[in-house]
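K.L.:
Next come the chains, spelled out residue by residue.
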Amino acid sequence: MAIDARHVSKSFANYVALRDVDLHVEQSELIALLGPSGSGKTTLLRIIAGLDTPDPNPQTSVVVDGQDILDRRGSERRVGFVFQHYALFRHMTVFENIAFGLRVRPRKLRPSEPELRRKVNELLDLIQLGRWSTHYPSQLSGGQRQRVALARALAIEPSVLLLDEPFGALDAKVRQELRRWLRTLHAKIAVTSVLVTHDQEEALEVADRIVIMNQGRIEQTGTPDEVFHNPASEFVVTFLGHVNLFHGRVEAGQPVLSPEANGHTTRVFVRPHELDIERYQSSGASVAASIHRIQSAGPIVRVELTSHQNESITVEMTHERYRDLTIKTGETVYVKVRDVRVFVASK
Amino acid sequence: MAITSRHRHTEPVWMRNLFIAAAVIFVGLLILLPVISVFTEAFRKGFAFYLTSISDPLAMSALRLTVITAAVTLAANLVFGLAASWLIAKFSFPGRNLLLSLIDLPFAVSPVISGLVFVLLFGAQGWFGNSLSSRGIQVIFATPGVILATIFVTFPFIARELIPLMQEQGAEEEEAAVLLGANGWQTFRRVTLPNIRWALVYGVVLANARAMGEFGAVSVVSGHIRGRTNTLPLHVEILYNEYNFSAAFAVASLLALLALVTLVAKAALEWRIRVEERPAVMEDVV
Numbered sequence: 001m002a003i004d005a006r007h008v009s010k011s012f013a014n015y016v017a018l019r020d021v022d023l024h025v026e027q028s029e030l031i032a033l034l035g036p037s038g039s040g041k042t043t044l045l046r047i048i049a050g051l052d053t054p055d056p057n058p059q060t061s062v063v064v065d066g067q068d069i070l071d072r073r074g075s076e077r078r079v080g081f082v083f084q085h086y087a088l089f090r091h092m093t094v095f096e097n098i099a100f101g102l103r104v105r106p107r108k109l110r111p112s113e114p115e116l117r118r119k120v121n122e123l124l125d126l127i128q129l130g131r132w133s134t135h136y137p138s139q140l141s142g143g144q145r146q147r148v149a150l151a152r153a154l155a156i157e158p159s160v161l162l163l164d165e166p167f168g169a170l171d172a173k174v175r176q177e178l179r180r181w182l183r184t185l186h187a188k189i190a191v192t193s194v195l196v197t198h199d200q201e202e203a204l205e206v207a208d209r210i211v212i213m214n215q216g217r218i219e220q221t222g223t224p225d226e227v228f229h230n231p232a233s234e235f236v237v238t239f240l241g242h243v244n245l246f247h248g249r250v251e252a253g254q255p256v257l258s259p260e261a262n263g264h265t266t267r268v269f270v271r272p273h274e275l276d277i278e279r280y281q282s283s284g285a286s287v288a289a290s291i292h293r294i295q296s297a298g299p300i301v302r303v304e305l306t307s308h309q310n311e312s313i314t315v316e317m318t319h320e321r322y323r324d325l326t327i328k329t330g331e332t333v334y335v336k337v338r339d340v341r342v343f344v345a346s347k
Numbered sequence: 001m002a003i004t005s006r007h008r009h010t011e012p013v014w015m016r017n018l019f020i021a022a023a024v025i026f027v028g029l030l031i032l033l034p035v036i037s038v039f040t041e042a043f044r045k046g047f048a049f050y051l052t053s054i055s056d057p058l059a060m061s062a063l064r065l066t067v068i069t070a071a072v073t074l075a076a077n078l079v080f081g082l083a084a085s086w087l088i089a090k091f092s093f094p095g096r097n098l099l100l101s102l103i104d105l106p107f108a109v110s111p112v113i114s115g116l117v118f119v120l121l122f123g124a125q126g127w128f129g130n131s132l133s134s135r136g137i138q139v140i141f142a143t144p145g146v147i148l149a150t151i152f153v154t155f156p157f158i159a160r161e162l163i164p165l166m167q168e169q170g171a172e173e174e175e176a177a178v179l180l181g182a183n184g185w186q187t188f189r190r191v192t193l194p195n196i197r198w199a200l201v202y203g204v205v206l207a208n209a210r211a212m213g214e215f216g217a218v219s220v221v222s223g224h225i226r227g228r229t230n231t232l233p234l235h236v237e238i239l240y241n242e243y244n245f246s247a248a249f250a251v252a253s254l255l256a257l258l259a260l261v262t263l264v265a266k267a268a269l270e271w272r273i274r275v276e277e278r279p280a281v282m283e284d285v286v
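So the sequences go chain by chain: A and B.
Its first residue numbered 1, the first sequence is counted upward by one per residue in my numbering.
Its first residue numbered 1, the second sequence is counted upward by one per residue in my numbering.
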């Protein structure tokens with residue numbers, strides 16, 4: 001079910017977490033709120049869940065499935081929430097954790113015991129932890145715990161699923177696996193989901209759309225392709241992965257990496273894979289730089305250079321290109337833009 | 001599991017024995033001997049005399065008052081302690097540190113002063129003395145005074161036991177319960193209470209030991225009226241001052257027995273906690 005939050009602001013005693021934010025999530029969409037810590041993304045999630053209240057403002061509304069839920073308590077909102085540190089009930093077995101939301105229902109709405117067992121077992125199958133139903137959370141690994149937390153949230157058949165840095169406490173390999181698993185799970189159950197993360201890779205990989213937040217505001221909203229290839233602001237460019245900053249200029253609509261003759265400069269941002277190295281200067285658009293490190297262990301080769309304007313530059317290329325160039329540490333080469341899709345800061 | 005030391009001994013044998021002997025003598029002299037002497041003195045004039053001493057109406061009334069006082073105190077402190085801990089551990093609000101200090105206050109002041117404060121407040125010449133006595137309510141030199149003083153001195157035990165644990169556990173499990181549809185009572189009953197139950201019982205055991213043994217504060221407010229406002233510790237003192245040593249020790253042995261029951265309860269609890277908090281297994285399975 002669609003989420004429509006409007007004019008949401010939140011200030012705490014000594015800082016402002018959200019400044020008049022609007023968020024729209026389509027039915028069945030998986031959206032990622034991406035931003036550094038303190039950008040307000042978790043606060044926004046907690047306000048949708050009912051764990052925090054927005055600053056009072058008659059214009060503020062949080063509409064889920066056509067109904068404003070702002071006046072409802074968290075217990076009446078029927079949202080599934082997954083915490084970074086799992087928040088499993090430590091004194092209950094995996095089975096009882098998942099069954100909790102069904103057992104606390106008012107008597108009239110509570111499923112019968114066989115019905116409840118059937119439902120919890122179904123969820124246990126879904127998270128592939130059927131064998132672990134009688135174990136306690138402390139006996140599970142981090143990845144298993146988070147799957148239990150997810151099943152527990154899904155048990156109440158939530159109208160929306162909210163995930164607060166769900167993979168943040170896990171190690172890299174498990175994180176990868178769970179991300180992919182979440183993606184397939186979402187394709188299967190298609191519940192409207194909001195995922196909070198500070199990991200741009202995670203957001204780009206998992207989400208249908210990404211909302212990039214900074215200092216309590218939304219910087220850009222778009223598909224992973226849109227935000228990565230057409231960033232709307234300097235912040236978005238720098239946040240979505242490593243980027244080189246050149247004090248260059250724009251000539252006939254093309255970015256040039258060196259400053260104008262009179263010293264005027266424009267900031268030009270170029271990602272490492274959008275740059276190329278050549279041995280001899282082919283045009284005025286390239287800059288001279290010396291290589292101080294080559295890192296060739298990995299799927300791509302990363303070359304670190306220092307330009308003669310003393311800017312540090314990182315270039316990424318394929319192993320094939322690297323073999324053709326036969327460059328070595330200490331050599332002076334020329335760096336040019338391979339791709340015209342670079343971000344030029346507006347003056 | 002075999003009981004062997006995991007460390008290699010580096011000290012010579014004689015030194016080890018010396019330290020062990022010193023520790024045994026120390027514990028024996030200061031802790032074991034007094035307990036033994038209480039019971040030998042109690043039975044000095046024979047079992048029959050012991051039975052008469054403890055079944056004396058005055059001793060029985062002191063025992064009754066002690067048990068009633070402990071029961072009311074624990075009930076009151078259970079409610080106050082839980083409420084205060086919940087407030088301090090799960091919320092932040094102005095005056096939180098002040099409240100925390102106030103909870104510790106009874107630990108900091110001498111029990112005699114605690115008793116005197118109640119006399120100043122509720123005594124015949126006290127702030128509320130007149131208005132209370134005109135309504136026929138007597139606090140000082142009566143059971144309410146004894147109970148009030150005992151509640152005051154045992155107030156920190158339960159809260160102090162719960163606050164660190166609740167702070168460490170945080171509020172996330174409660175938040176999860178609420179979002180799963182649980183109401184306030186269900187959240188408390190099914191999530192908060194099970195998580196703190198052992199600390200709670202532990203706090204109650206400690207508070208109980210203190211409530212039954214409290215002397216100073218109760219001594220000031222009770223007025224030592226035999227058969228009416230005497231608790232067990234006060235009754236022991238009276239008997240002792242009257243050179244009625246065997247009777248004094250017989251009644252003291254009752255207190256010692258209550259203390260032993262408390263200790264056994266505490267040990268059993270600690271054992272339960274150890275069993276429940278056995279280290280997690282299969283940590284590394286994905």
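Source of the hints: derived by calculation from the structure; they are not laboratory data.
From a predicted model like this one, the values you see are computed outputs, not experimental measurements.
Glycine is no exception: its CB is placed at the ideal position from the N, C-alpha and C atoms.
A portion of the hints provided could be inaccurate.
Unchecked claim - Which bits of chain A does chain B cover? Going by a derived footprint, with three or more residues having C-beta under 8 Å, they are:
hint: 1; segment: 45–56
hint: 2; segment: 244–258
Unchecked claim - Label pairs and their in silico Cβ distance ranges:
hint: 3; chain 1: B; residue 1: 170; chain 2: A; residue 2: 299; range: 35 to 43 Å
hint: 4; chain 1: A; residue 1: 265; chain 2: B; residue 2: 170; range: 35 to 43 Å
hint: 5; chain 1: A; residue 1: 90; chain 2: B; residue 2: 45; range: 52 to 60 Å
As the list claims (entries may be wrong) - So the derived list for chain A, only partly shown, Cβ under 10 Å to chain B, looks like this:
hint: 6; residue: 85
hint: 7; residue: 104
hint: 8; residue: 106
hint: 9; residue: 116
hint: 10; residue: 119
hint: 11; residue: 158
hint: 12; residue: 269
hint: 13; residue: 285
K.L.:
All hints, please: hold or fail.
P.N.:
A quick look at each hint next to the structure:
no., hint, result
1, 45–56, "holds (count 3)"
2, 244–258, "violated (count 0)"
3, B:170 x A:299: 35 to 43 Å, "41 Å, holds"
4, A:265 x B:170: 35 to 43 Å, "50 Å, violated"
5, A:90 x B:45: 52 to 60 Å, "55 Å, holds"
6, 85, "7 Å, holds"
7, 104, "4 Å, holds"
8, 106, "9 Å, holds"
9, 116, "14 Å, violated"
10, 119, "14 Å, violated"
11, 158, "9 Å, holds"
12, 269, "39 Å, violated"
13, 285, "50 Å, violated"
The structure shown violates the earlier hints numbered 2, 4, 9, 10, 12, 13.
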